[in-house]
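Engineer: Residue numbers (the working numbering), protein chains in the order written: chain A, 926 to 1128; chain B, 926 to 1128; chain C, 926 to 1128; chain D, 926 to 1128.
There's no promise every hint is true.
Simulated crosslink set (SDA-like; lysine to any residue; CA at most 25 Å straight-line) [unchecked claim]:
no. : chain 1 : residue 1 : chain 2 : residue 2
1   : C       : K1068     : D       : T995
2   : C       : K1069     : C       : L1087
3   : A       : K1069     : A       : S1079
4   : C       : K1069     : D       : R998
5   : D       : K1068     : B       : N1001
6   : D       : K1068     : C       : T995
7   : A       : K1068     : A       : F1113
8   : C       : K1068     : D       : S1000
9   : B       : K1069     : A       : A931
10  : D       : K1069     : B       : A931
11  : A       : K1069     : C       : D1071
12  : B       : K1069     : A       : N1002
13  : A       : K1068     : C       : R998
14  : C       : K1069     : D       : H999
15  : D       : K1069     : D       : A931
16  : B       : K1069     : A       : G1067
17  : B       : K1068     : B       : E929
18  : D       : K1068     : D       : A931
19  : D       : K1069     : D       : V1054
20  : A       : K1069     : A       : Q1081
21  : B       : K1068     : D       : T995
22  : D       : K1069     : B       : G1067
23  : B       : K1069     : B       : Q1081
24  : C       : K1069     : D       : A931
25  : B       : K1069     : B       : A935
26  : C       : K1069     : C       : N1003
27  : C       : K1068     : C       : A931
28  : D       : K1068     : D       : H996
29  : A       : K1069     : C       : R998
30  : A       : K1069     : A       : H999
31  : D       : K1069     : B       : H999
32  : A       : K1069     : A       : R1057
33  : D       : K1068     : B       : E929
34  : B       : K1069     : A       : N1001
35  : A       : K1069     : C       : L966
36  : C       : K1068     : D       : R998
37  : B       : K1069     : B       : N1053
38  : A       : K1069     : A       : Y1058
39  : C       : K1069     : D       : N1002
40  : A       : K1068     : B       : T995
Everything labelled a hint here was simulated from the structure, so no lab data went into it.
4 protein chains.
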Amino acid sequence: MDSETARIEAFSDGVFAIAITLLILEIRVPSNPAEDLRAQLLRQWPSYVAFLLSFSFIGIMWINHHQLFTHIRHSNNNLLVLNLLLLLGVTVVPFTTALLASNVGHAGAHLALAVYNGTFVAIAILFNVLWRYASTGNRLLGKKFDEHSVDRISRQYAYGPLMYVVCFVVGWFSVGASLVLNIGLAIFFALPFGAKHSRTPAP
Amino acid sequence: MDSETARIEAFSDGVFAIAITLLILEIRVPSNPAEDLRAQLLRQWPSYVAFLLSFSFIGIMWINHHQLFTHIRHSNNNLLVLNLLLLLGVTVVPFTTALLASNVGHAGAHLALAVYNGTFVAIAILFNVLWRYASTGNRLLGKKFDEHSVDRISRQYAYGPLMYVVCFVVGWFSVGASLVLNIGLAIFFALPFGAKHSRTPAP
Amino acid sequence: MDSETARIEAFSDGVFAIAITLLILEIRVPSNPAEDLRAQLLRQWPSYVAFLLSFSFIGIMWINHHQLFTHIRHSNNNLLVLNLLLLLGVTVVPFTTALLASNVGHAGAHLALAVYNGTFVAIAILFNVLWRYASTGNRLLGKKFDEHSVDRISRQYAYGPLMYVVCFVVGWFSVGASLVLNIGLAIFFALPFGAKHSRTPAP
Amino acid sequence: MDSETARIEAFSDGVFAIAITLLILEIRVPSNPAEDLRAQLLRQWPSYVAFLLSFSFIGIMWINHHQLFTHIRHSNNNLLVLNLLLLLGVTVVPFTTALLASNVGHAGAHLALAVYNGTFVAIAILFNVLWRYASTGNRLLGKKFDEHSVDRISRQYAYGPLMYVVCFVVGWFSVGASLVLNIGLAIFFALPFGAKHSRTPAP
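Here chain A stands alone, though its shape is the one from the complex (with noise of 0.2 Å):
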């Protein structure tokens, strides 16, 4: 039963993995020998922060696509055509980053937050598409499918598209205070307490 959906787990792996490991080519190694090393290292702050940012925000996504497939044990083309537009969202991360961290501090700074922020609102709209059709009826759940844990989870999930809207929004008004929220929201996911509420522990 379980090998229904094991090639899509290794290739959602796979791209997740790839993906989160990509982002480090962001991180551009000053390359001026004549500048003092410090100073070049300290200017480039936006590329360390839209990548702690974005690991933590893929990180928290495997996390969520690994619990949800442990309910989802049947596979079909809808659900491999779902997974594959989560996965996209997934692979346009790396470029959304750099983009942001190249821009933080100049003019297009409002922009390529909306484009950040409305990536990651596309994608936890993704999640919450892919688990409903997946949980509506029980249609691709395992056999022993605990109806407790798939109500937490579905009323968890609503959660994530509304917080990345929240600063999607806010980025529109203040590029600083969006970034703040942004790193709270990856603190918050990564705390007990707010893995509670945007994840349901392993069965």
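Add chains B, C and D to chain A, keeping to what the hints say.
Structural biologist: Just chains B, C and D, lined up with the frame of chain A:
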């Protein structure tokens, strides 16, 4: 019995996952802070189109590969070599994608499009060769193979090369028409109706 | 029981494999056909040293991770977050490696070496935190855990951060001495004798 | 029993898959829209030759690795270290490939070719060392190992280094002759006849 093809699938999953994720490196981050970011982003629309097309096609190819190997259960040297040829085609896609994206609107567009669609023609033919090799006389299929499913795959896969050949030929006359056809093909593959014609449901 | 950590291991394997393979991108292909190739290749010896060091250290870290998860059999949110922090350290290595390679022989060498060794100090500490969390009170170990092995790992891992701290401190006084120490450390880890002190044999 | 080598295989598959896919990054997308695209594409034929050669050799190495680990069932620290040395060779290939491609037709061609073929000599030797270590006295093989197969692998693998040494030596006299030999070697490995001489059929 499964373990004979397990590592082929794992290695192939890796190559598919990396190729589909490397596509994003083709989209350049606008680097001129003095110019309007929106204008710079909009100007590189061919990169987005090429990225989305290639993501869709590699995604569909992965789904097809996945389906084939739910039927193929045995392995031999010829299968390994045919599978490597197939993966050779897949690893070339990030290059042909970048080639297409950087030539739309320039004199080289016809040639770039021919290389782009030609690669997919070759991959689609290789899919047929691999499948015919594995399925003829039930050579490498599982014991409980479903003759009906096998015949359906053989019939459906025969259309794949034809579809890309049409895009290839149209591209010599009109780059725009071929791109529209390519987009239509990607959407067709993703729809449940198109899926029926290009793949077989999981057993 | 195994399946609880299977995807953590698969995802971690992916990140380790990608990070170790991306290291090669740091070594530049000499691009001046007019100059003697041998001279150009020899001149970038710091790139080879940095590549070999980081390959060894990531390789050792993968072996350690592999060994830990022969004992850890259960998972929870804290383990997932701790493992992500560990992988964050791993994905940073291609950057710190390129930073080191491009600064040896320049004014920034001390700082680059501090960042390089500092990252490994952090990773080594995270290995201890993850292992203590999983093993304390047999929290996430398998039922048939071997108390002797667990204690030995705990003792051996405690030396890891110390070794990198020594490299870190020596680097502030002498870049050359620290690089020699780093090379010695990599060889020590690879030898059977060093292995006994840094890892535990497979059960 | 299998699980002892499962993660070694998964990690190795990852490194092989990434190295083989990164090869494509070596082929540059022509960036001069003013010049004829066909002429620009044709001019970089050494990149295509180097790409196809390295894809073939890494593919063959993966097949060989796959075959070895159908026999190797136990693991220890020495095997892990030997396997890492083998993977070190594999990760270097994208660099040596780009080095070869950019130097064919220039003064550095002989040296680039020596580095290129020298890397494969080293990898082929490491394959022999790993296999001898694992198979001598049936040290790490499965219980039901087939003495005939083991002996055949040992005999066949001994030729691998020799073949690359011939390419290496010929390269010092004639770059063209060595490239033709390399291409012949890649085709030989792919043919069923060559396969018999370089690998053993799956058990």
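Engineer: Look at each hint and say if it fits the structure.
Structural biologist: Results for each hint:
Restraint check: the Cα-Cα separation between K1068/C and T995/D comes to about 29 Å, which exceeds 25 Å; the hinted pair is violated. With a C-alpha separation of about 31 Å, the suggested pairing of K1069/C with L1087/C is violated against the 25 Å cut-off. The straight-line distance between the Cα atoms of K1069/A and S1079/A is roughly 18 Å, inside the 25 Å bound, and the hint therefore holds. Straight-line distance between C-alpha atoms of K1069/C and R998/D comes to about 22 Å, which keeps the hinted pair within the 25 Å bound.
Between K1068/D and N1001/B the alpha-carbon distance is near 23 Å, which keeps this suggested pair within the 25 Å criterion. Taking the CA atoms of K1068/D and T995/C, the gap is near 22 Å; set against the 25 Å cutoff, the hint holds. For the suggested pair K1068/A and F1113/A, the alpha carbons sit about 33 Å apart, so the restraint of at most 25 Å is broken. In summary, the hint linking K1068/C to S1000/D is supported, as the alpha carbons are separated by about 22 Å, within the 25 Å threshold.
Of the supplied pair hints, the one linking K1069/B and A931/A holds, its CA atoms being roughly 20 Å apart against a limit of 25 Å. Of the pairs offered as hints, the one joining K1069/D and A931/B holds, with about 20 Å between alpha carbons and a cut-off of 25 Å not exceeded. A hinted pair counts as satisfied when its Cα atoms are at most 25 Å apart, and K1069/A with D1071/C does not qualify at roughly 33 Å. Restraint check: the Cα-Cα separation between K1069/B and N1002/A comes to about 22 Å, which is no more than 25 Å; the hinted pair holds.
Simply put, K1068/A and R998/C have alpha-carbon atoms about 24 Å apart, close enough for the 25 Å limit, and the pair holds. The straight-line distance between the Cα atoms of K1069/C and H999/D is roughly 20 Å, inside the 25 Å bound, and the hint therefore holds. Our distance criterion of 25 Å between C-alpha atoms is met by K1069/D and A931/D, whose separation comes to about 18 Å. The suggested pairing of K1069/B with G1067/A holds, with an alpha-carbon distance near 24 Å, which does not exceed 25 Å.
In summary, the hint linking K1068/B to E929/B is supported, as the alpha carbons are separated by about 14 Å, within the 25 Å threshold. Between K1068/D and A931/D, the direct Cα distance comes to roughly 17 Å. Compliance with the 25 Å bound is thereby established for this hinted pair. Between K1069/D and V1054/D the alpha-carbon distance is near 22 Å, which keeps this suggested pair within the 25 Å criterion. For the hint linking K1069/A to Q1081/A, the alpha-carbon distance of about 21 Å falls within 25 Å, and the restraint holds.
Taken as a hint, the K1068/B and T995/D pair is honoured in the structure, with Cα atoms around 22 Å apart against an allowance of 25 Å. A C-alpha spacing of about 24 Å is found between K1069/D and G1067/B, which places the hinted pair at or below 25 Å, so the restraint holds. A threshold of 25 Å between alpha carbons decides the hint, and for K1069/B with Q1081/B the separation of about 21 Å falls inside it, so the pair holds. Distance hint between K1069/C and A931/D is fulfilled; the C-alpha atoms sit about 20 Å from each other, no more than 25 Å.
Between K1069/B and A935/B the alpha-carbon distance is near 23 Å, which keeps this suggested pair within the 25 Å criterion. Distance restraint check for K1069/C and N1003/C: the Cα-Cα separation of roughly 22 Å lies within the 25 Å cut-off, and the hinted pair is therefore satisfied. For the hint linking K1068/C to A931/C, the alpha-carbon distance of about 17 Å falls within 25 Å, and the restraint holds. Distance restraint check for K1068/D and H996/D: the Cα-Cα separation of roughly 9 Å lies within the 25 Å cut-off, and the hinted pair is therefore satisfied.
Only pairs whose Cα atoms come within 25 Å are accepted, and K1069/A paired with R998/C is accepted, the gap being roughly 22 Å. With a C-alpha separation of about 13 Å, the suggested pair K1069/A and H999/A falls inside the 25 Å cut-off, and the hint holds. In summary, the hint linking K1069/D to H999/B is supported, as the alpha carbons are separated by about 20 Å, within the 25 Å threshold. A threshold of 25 Å between alpha carbons decides the hint, and for K1069/A with R1057/A the separation of about 18 Å falls inside it, so the pair holds.
The straight-line distance between the Cα atoms of K1068/D and E929/B is roughly 18 Å, inside the 25 Å bound, and the hint therefore holds. Straight-line distance between C-alpha atoms of K1069/B and N1001/A comes to about 21 Å, which keeps the hinted pair within the 25 Å bound. Distance hint between K1069/A and L966/C is unfulfilled; the C-alpha atoms sit about 61 Å from each other, more than 25 Å. Annotation: proposed proximity of K1068/C to R998/D holds, straight-line Cα distance about 24 Å (limit 25 Å).
Between the alpha carbons of K1069/B and N1053/B the distance comes to roughly 22 Å, so the proposed pair stays at or under 25 Å and holds. Proposed proximity of K1069/A and Y1058/A is supported: the alpha carbons are some 18 Å apart, at most 25 Å. Restraint check for K1069/C and N1002/D: satisfied, since their Cα atoms lie roughly 22 Å apart, inside the 25 Å limit. Simply put, K1068/A and T995/B have alpha-carbon atoms about 22 Å apart, close enough for the 25 Å limit, and the pair holds.
Consistency note: the structure conflicts with the earlier hints numbered 1, 2, 7, 11 and 35.
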